[in-house]
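K.L.:
Assemble the whole structure, with the sequences as input and the hints as a guide.
As they're listed, the protein sequences go chains A and B. Residue numbers for the first sequence follow numbering that gives the first Met the number 0, beginning at 0 and rising by one. Residue numbers for the second sequence follow numbering that gives the first Met the number 0, beginning at 0 and rising by one.
By construction, these hints were calculated from the structure, which means they are not laboratory data. Accuracy of the hints is not assured; some may be wrong.
Unchecked claim - Derived SDA-like pairs: lysine to any residue, alpha-carbon spacing no greater than 25 Å straight-line:
| hint | chain 1 | residue 1 | chain 2 | residue 2 |
| --- | --- | --- | --- | --- |
| 1 | A | 324 | B | 125 |
| 2 | B | 52 | A | 107 |
| 3 | B | 304 | B | 333 |
| 4 | B | 218 | B | 348 |
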Amino acid sequence: MALDLVPLWAAILAFGVFMYVLLDGFDLGIGILFPFAPDAAGRDAMMNSVAPIWDFNETWLVLGGVGLLAAFPLAFAIVIPAVYFPILFMLIGLIFRGVAFEFRHLSRRRHYWDRSFFVGSLLATFSQGIVLGTFVQGIPVAGRDYAGGSLGWLTPFALLTGAGLVAGYGLLGACWLVLKTEGALQAWARGRARMFTIGVAAFVAMVSLWTPLIQPQIRGRWFGGEHPLWLWPVPLITFALFVLLWRSLARGRDATPFLAALGIFAMAYLGVGISIFPMVVPYTFDLWQAAATPRSHAFLMIGTLFLLPIILGYTVWSYWVFRGKVKAGSGYG
Amino acid sequence: MIDALLLSRLQFAWVIALHILLPAFTVGLAAYIAVLEGAYFFTRRPVFLRLSKFWLPIFAVSFGMGVASGIVMPFQFGTNWSRYSDLTADVLGPLMAYEVLMAFFLEAGFLGVLLFGRERVPPWAHFFAGVMVAAGTLLSTFWILSANSWMQTPTGQTVVDGRFVPQDWLQIVFNPSFPYRLVHTTMAFFITTAFVVIGVAAYHLRRGRHVEECLTMQKMGLGLLALLVPLQVLVGDLHGLNTLEHQPAKIAAMEANWETQARMPLLLFAWPDEAAERNRLEIGVPALGSLILGHDVNAVIRGLKDWKAEDRPPVAIPFFSFRLMVGIGVVMFGLTLAGLVLWRRGRLAHARSFQWLCMPAASLGFIAVLAGWVTTEVGRQPWVVYGLLRTRDAVTPSLAASDVAASLAAYVLAYALIFGAGLLFMARLVRRGFAAGAEPEPEGPVATPARPLSGATRAR
Numbered sequence: 000m001a002l003d004l005v006p007l008w009a010a011i012l013a014f015g016v017f018m019y020v021l022l023d024g025f026d027l028g029i030g031i032l033f034p035f036a037p038d039a040a041g042r043d044a045m046m047n048s049v050a051p052i053w054d055f056n057e058t059w060l061v062l063g064g065v066g067l068l069a070a071f072p073l074a075f076a077i078v079i080p081a082v083y084f085p086i087l088f089m090l091i092g093l094i095f096r097g098v099a100f101e102f103r104h105l106s107r108r109r110h111y112w113d114r115s116f117f118v119g120s121l122l123a124t125f126s127q128g129i130v131l132g133t134f135v136q137g138i139p140v141a142g143r144d145y146a147g148g149s150l151g152w153l154t155p156f157a158l159l160t161g162a163g164l165v166a167g168y169g170l171l172g173a174c175w176l177v178l179k180t181e182g183a184l185q186a187w188a189r190g191r192a193r194m195f196t197i198g199v200a201a202f203v204a205m206v207s208l209w210t211p212l213i214q215p216q217i218r219g220r221w222f223g224g225e226h227p228l229w230l231w232p233v234p235l236i237t238f239a240l241f242v243l244l245w246r247s248l249a250r251g252r253d254a255t256p257f258l259a260a261l262g263i264f265a266m267a268y269l270g271v272g273i274s275i276f277p278m279v280v281p282y283t284f285d286l287w288q289a290a291a292t293p294r295s296h297a298f299l300m301i302g303t304l305f306l307l308p309i310i311l312g313y314t315v316w317s318y319w320v321f322r323g324k325v326k327a328g329s330g331y332g
Numbered sequence: 000m001i002d003a004l005l006l007s008r009l010q011f012a013w014v015i016a017l018h019i020l021l022p023a024f025t026v027g028l029a030a031y032i033a034v035l036e037g038a039y040f041f042t043r044r045p046v047f048l049r050l051s052k053f054w055l056p057i058f059a060v061s062f063g064m065g066v067a068s069g070i071v072m073p074f075q076f077g078t079n080w081s082r083y084s085d086l087t088a089d090v091l092g093p094l095m096a097y098e099v100l101m102a103f104f105l106e107a108g109f110l111g112v113l114l115f116g117r118e119r120v121p122p123w124a125h126f127f128a129g130v131m132v133a134a135g136t137l138l139s140t141f142w143i144l145s146a147n148s149w150m151q152t153p154t155g156q157t158v159v160d161g162r163f164v165p166q167d168w169l170q171i172v173f174n175p176s177f178p179y180r181l182v183h184t185t186m187a188f189f190i191t192t193a194f195v196v197i198g199v200a201a202y203h204l205r206r207g208r209h210v211e212e213c214l215t216m217q218k219m220g221l222g223l224l225a226l227l228v229p230l231q232v233l234v235g236d237l238h239g240l241n242t243l244e245h246q247p248a249k250i251a252a253m254e255a256n257w258e259t260q261a262r263m264p265l266l267l268f269a270w271p272d273e274a275a276e277r278n279r280l281e282i283g284v285p286a287l288g289s290l291i292l293g294h295d296v297n298a299v300i301r302g303l304k305d306w307k308a309e310d311r312p313p314v315a316i317p318f319f320s321f322r323l324m325v326g327i328g329v330v331m332f333g334l335t336l337a338g339l340v341l342w343r344r345g346r347l348a349h350a351r352s353f354q355w356l357c358m359p360a361a362s363l364g365f366i367a368v369l370a371g372w373v374t375t376e377v378g379r380q381p382w383v384v385y386g387l388l389r390t391r392d393a394v395t396p397s398l399a400a401s402d403v404a405a406s407l408a409a410y411v412l413a414y415a416l417i418f419g420a421g422l423l424f425m426a427r428l429v430r431r432g433f434a435a436g437a438e439p440e441p442e443g444p445v446a447t448p449a450r451p452l453s454g455a456t457r458a459r
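P.N.:
Written out as structure tokens, the structure is:
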């Protein structure tokens, strides 16, 4: 095989997971904020703001899972069993929140499905955070299989990243509402966004300080002799984005907070990537060891290079169709 | 013995059986809605718009449930079948990834516009969105059945260190059982939807309501069935012959045929006794089995005893599920014929007993799809990749029985609740009828003039 597609596949998969985190991040965040909304009309507007796009957003999760299976099957076969229960909780959570979009309008007991929307979103987010924490901490491996127990994910660090992601998605959700709503609901969302900004900053700081302590590879990467100077911009830009977020919320901007929150997610994601690279089953197998055969990589790449731009094209179109503010009373159109 | 393997198999059977009910309905319904939108776009007859607006909320509910239960599926391969994932992903991973890239994004990307965008985009764009959603469901069927068929009739790969390595992608995608399975399954999905459409129309016709809409629905449904039901008999026969060629042990189990024999009887009933390697209470038609499978009364058909006991599939389950599927096919044939005769005589609207029969018949397609699925999947055992990888070697080694018992219990409870509620709500949407009739807003605080955005309410 002439061409090594592993780096490109790693980039595409990283992009897909990042799209998921951003897009489902804000609509799971809507679910986390949901029961605290000022009134029923506000809750309807919150739902309306994501109803046409939520299942599209969730499709990126399927791409992440199936993409990992296709491009780095060994990682899929080891990492997913290691988080057996968090994945179960995430899936159950996503089911209960996904059906709530339609069910709450059809049920005579709407509050059940409102509750299911909130609890499902919270459970799914917390579980995803646990998966992230377990991944960063490292996974015990024997041969080509997961070697730990079914509760190996239950660690203080993973619980911290779980809580951190709840704050993070909450921040995205609140900033999305600042962008998409107006009036009292927007003012309320702005207040939540400020609250979550403080929370996210605290979690980012805690996780950044904790990871080098538990993992020698991460310590070496950020504080060792490799290229620490080259990495300095990552924490500095993150700090600058937090300042921008805070000030744009204070000044009542509509779009800047959402963009700043996206930026913070991008930097945190980049930070995790720098810490882990080139591992894909931390800290046993790297990307090349876990990769599918070049023939599989090539076959899938041909279609992906063609299809991804098309997908992004109609994504933009769909978001464009539903652009602008949602109104609390009337819905769209 | 109850172990992680058996519980994992039960869990997979449970989540896929409930999930498949939704594509069995939405593949056909998406196409039906696209046809209705197209008919309205080109003819401007309002009845087509009313029909589309009636079905869209029902589609939204079932599609939402399909998405929610569908996300579960790929993760099952990782959580419970990690050995399978490691060994087969080089071949199957790209097929499933193509399903996501070609189908899932297409469906989800255009669904929002189809459900909520009627007033936001030009009519042609709304029609186009409907066509794209329907195309997405069909592309999804294509890729997932290709992957499934490769597990039934693997070709185009070699085995290196126990792992399957792709050699020829055309052979992998278009493996020997795929064309038959694709056509047979897709037609089954369309037939399922057609019977639902006819059954829903019957509900209102019996009450003398929405006569124009419901007769249009029944005629569209019967027209499709007149074509597909006879064709399905032919395709099913070809599929069976293909199975006989590539998976003869499955056919032996489906027919509960223990001995290799010419003039094999077609068993109408039997009680297979796997321990004694024979049937009890056999009732059969002599030589008909050979005639159907070999197209010759003297054709020799291989029996189960040709295989070692450890290589045989279970017998009773495929034997009965296959008979259930075929039996339903016969009932469908009769109903279609009756409907066509009534239509020709112009008596559809007043044929009370026919309409009464059509209501429970709405469930027939689902039962037949499940029965057929069980037949083909149980008949594949004890292999997960036929003849090459045993199911027992595919399970995640780190799992304890208690882990899987807990997750299985969670899936059973969650799905029972969600599917129960979903069915109830769809029934409510059906009873609500058409926009022209009485249209009570479902519920919610009366004081709030909220028109919340959901497919169920907004698409009306």
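K.L.:
Please name the hints from earlier in the document that this structure breaks, with their numbers sorted from lowest to highest.
P.N.:
Hint check: 3 fails alone, others pass.
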